Amino acid sequence: MKAFTTLTGVAAPLPMANVDTDKIIAARFLKTIARTGLGKNLFHAMRFNEDGSEKPDFVLNQEPYRKAEILIAFENFGCGSSREHAPWALLDFGIRCVIAPDFADIFHNNSSKNGILPIRLPREICEKLMEDAKMGGNARLTVDLERQVVVRPSGEEIPFEVDAFRKHCLLNGLDDIGQTLQHAPSIDEYEAKRRAEAPWLFA
Amino acid sequence: MANQPRTLFDKIWDAHVVETLQDGTALLYIDRHLVHEVTSPQAFEGLRVAGRQVRSLHGTIAVVDHNIATDASRRTGIEDPESRLQVETLEKNVAEFNVPYIPLLDERQGIVHVIGPELGLSLPGMTIVCGDSHTSTHGALGALAFGIGTSEVEHVLATQTVLQKPAKNMRVTVDGVLPPGCTAKDITLAIIGKIGTAGGTGHVIEYAGEAIRALDMAGRMTLCNMSIEAGARAGMVAPDETTIAYVEGRPHAPKGEAWERAVAWWRSLPSDAGAHFDKEVSLRAEDITPQVTWGTSPEDVLPITGVVPNPADARDETRRAQLTRMVEYMGLIPGQKLTDLKVDVVFIGSCTNSRIEDIRAAAAIARGRQVAPHVRALVVPGSGLVKKQAEAEGLDRILLDAGFEWREAGCSMCLGMNPDKLTPGQRSASTSNRNFEGRQGPGGRTHLCSPAMAAAAAIKGHLADVREFSA
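Chains as they are written, first to last, in my numbering: chain A, 1 to 203; chain B, 204 to 674.
If you're looking for bench data, these hints aren't it; they were derived computationally from the structure. Please read all numbers here as calculations on a predicted model, not as lab measurements. One thing to keep in mind: the hints can contain errors.
As the list claims (entries may be wrong) - Below, simulated DMTMM-like cross-link-like pairs (lysine to aspartate or glutamate); rule was C-alpha separation at most 20 Å, straight line:
| no. | chain 1 | residue 1 | chain 2 | residue 2 |
| --- | --- | --- | --- | --- |
| 1 | A | K128 | B | D519 |
| 2 | A | K167 | B | D226 |
| 3 | B | K482 | B | D378 |
| 4 | B | K397 | A | E75 |
| 5 | A | K67 | A | E54 |
| 6 | A | K193 | B | E460 |
| 7 | B | K458 | A | E197 |
| 8 | B | K368 | A | E161 |
All chains should be modelled from the sequences, with the hints used to inform the complete structure.
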């Protein structure tokens with residue numbers, strides 16, 4: 001996983017609530033055995049016409065948002081399925097951070113495991129950031145994970161919360177498995193105890 | 204602390220914590236891991252690259268369900284090259300890592316969330332995960348079951364654990380007696396309509412109350428299945444006599460002395476009196492009517508007697524924009540009666556509603572009637588065993604005689620990634636779980652409802668009130 005430290009980039013405004021995982025990446029694009037290459041089908045129905053041409057009014061088809069690295073949206077971002085193809089598609093397009101009032105749990109989890117930082121901020125702040133984002137290329141946002149702040153183009157700093165463990169993993173680009181395997185003796189011990197208590201689980 | 208009243212969720216959680224890390228994240232042991240073809244290839248690839256093994260072979264089971272055809276063509280090989288590659292990749296992976304696998308042509312094959320309970324692989328008190336959000340289904344048994352992403356699939360394969368913070372507890376109580384024509388599907392749609400698609404975010408929902416206890420296991424599975432549509436991490440129903448009677452004798456259920464010990468533990472799991480719930484919601488069963496979704500989110504649901512909402516009445520600008528888009532996408536006119544909406548396709552199936560009880564409910568409506576001439580109606584059993592049971596009861600004949608298609612087991616038209624899909628502009632009455640834009644195929648328009656309501660729509664040719672049918 002690529003480490004996430006500080007990101008300064010263009011933020012794309014997507015003023016929608018309930019952006020579901022089928023919108024982010026439709027099921028027909030899940031027939032892949034790779035993690036990469038999904039960016040071209042990100043937001044497919046909103047981004048492309050049936051003949052494959054771009055819909056000019058969709059934000060990611062406009063300059064400077066074709067190069068957006070941050071996405072600002074409204075409530076319940078990433079609701080729906082558990083498909084990790086959703087963060088893979090965002091990442092493959094170049095999005096490293098999504099800011100919204102709240103996220104669906106599984107999407108939130110999946111994002112941070114792929115080096116995408118999901119930031120929860122109150123609705124009124126998301127509305128301000130949405131206005132910043134609409135200013136385009138002159139209005140780059142900075143996301144500083146170490147200090148846990150989003151810096152607006154005006155220089156105003158907005159603090160955000162993040163789990164200590166997730167922050168550590170993101171800052172250092174650590175994948176979970178290696179870390180969990182350091183606890184292998186505890187897992188062995190748990191299994192032995194559980195096998196005695198509930199042998200039917202190990203039949 | 205030990206005597207503090209605990210919820211069903213707390214008890215199962217506590218029994219599975221291997222270790223708690225500094226910031227409160229728990230290393231949670233997983234009893235059962237269900238694997239399918241769509242969300243696992245990258246996880247096995249990760250294991251291979253790192254030289255890791257699958258830690259618990261007895262705790263893991265793989266099956267294909269999402270991208271396979273549900274017609275006779277499955278017997279002659281998978282036509283779509285991408286689907287074929289995904290299925291072949293799973294077969295290669297299960298062989299390489301020695302993971303137990305139910306092949307496509309095995310009679311036990313089916314939708315992962317149907318076969319888990321059916322085979323006794325999913326049991327009360329277990330932690331159950333799968334790379335699929337509808338894993339919440341298994342909570343019907345009184346298990347803690349939730350969907351995970353592919354990174355977590357790899358994590359579970361390698362370590363048999365997940366890293367998670369404890370969820371908050373939410374209780375949804377439905378007391379009273381459900382009126383005729385209403386089912387578990389109507390309860391779940393009514394709940395989502397009330398609390399919204401983010402109403403359960405961060406929580407595990409325990410369903411309680413007289414109307415829930417009265418549901419059979421299939422109904423409880425429908426209810427728990429759609430907990431994710433309310434944003435919840437999982438849904439659960441406390442194990443009771445209905446649960447124990449369901450589990451007993453299933454192929455992978457404990458036997459003999461182990462059974463007695465298991466049942467004793469399961470009986471200790473229901474929430475203690477006075478246990479704390481962070482959020483409580485209650486509904487009266489008598490107030491529930493047959494439900495149908497009209498928009499493109501499961502929360503946009505109404506009684507079948509309702510009319511299409513007017514975006515002008517929306518509470519704020521975001522909602523108005525949302526409603527306007529939904530009305531347009533769904534091809535509706537504000538004020539239009541829902542029962543005036545003609546359907547092109549009826550889909551009875553999916554992990555929400557494809558069990559034998561669901562097929563019986565559809566057949567009861569179909570018996571002696573005919574599907575409207577302009578409607579294509581599919582009935583897709585959730586597993587090969589459900590199909591076999593239905594055929595033993597003669598339900599296939601009733602449905603075929605009425606003009607329904609009778610298919611092989613799989614996810615089918617729930618998600619538009621196999622040959623069963625809507626074409627742009629087609630309208631469906633569907634017993635599945637999501638009515639998102641394009642969910643059943645690009646441009647498809649989905650109305651979610653119960654199996655009886657879907658069968659009624661097939662017969663009438665438009666969305667219809669099942670209460671107008673006498674069995």
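Compare the structure with the hints numbered earlier in the document and write down the numbers of the violated ones, lowest to highest. none
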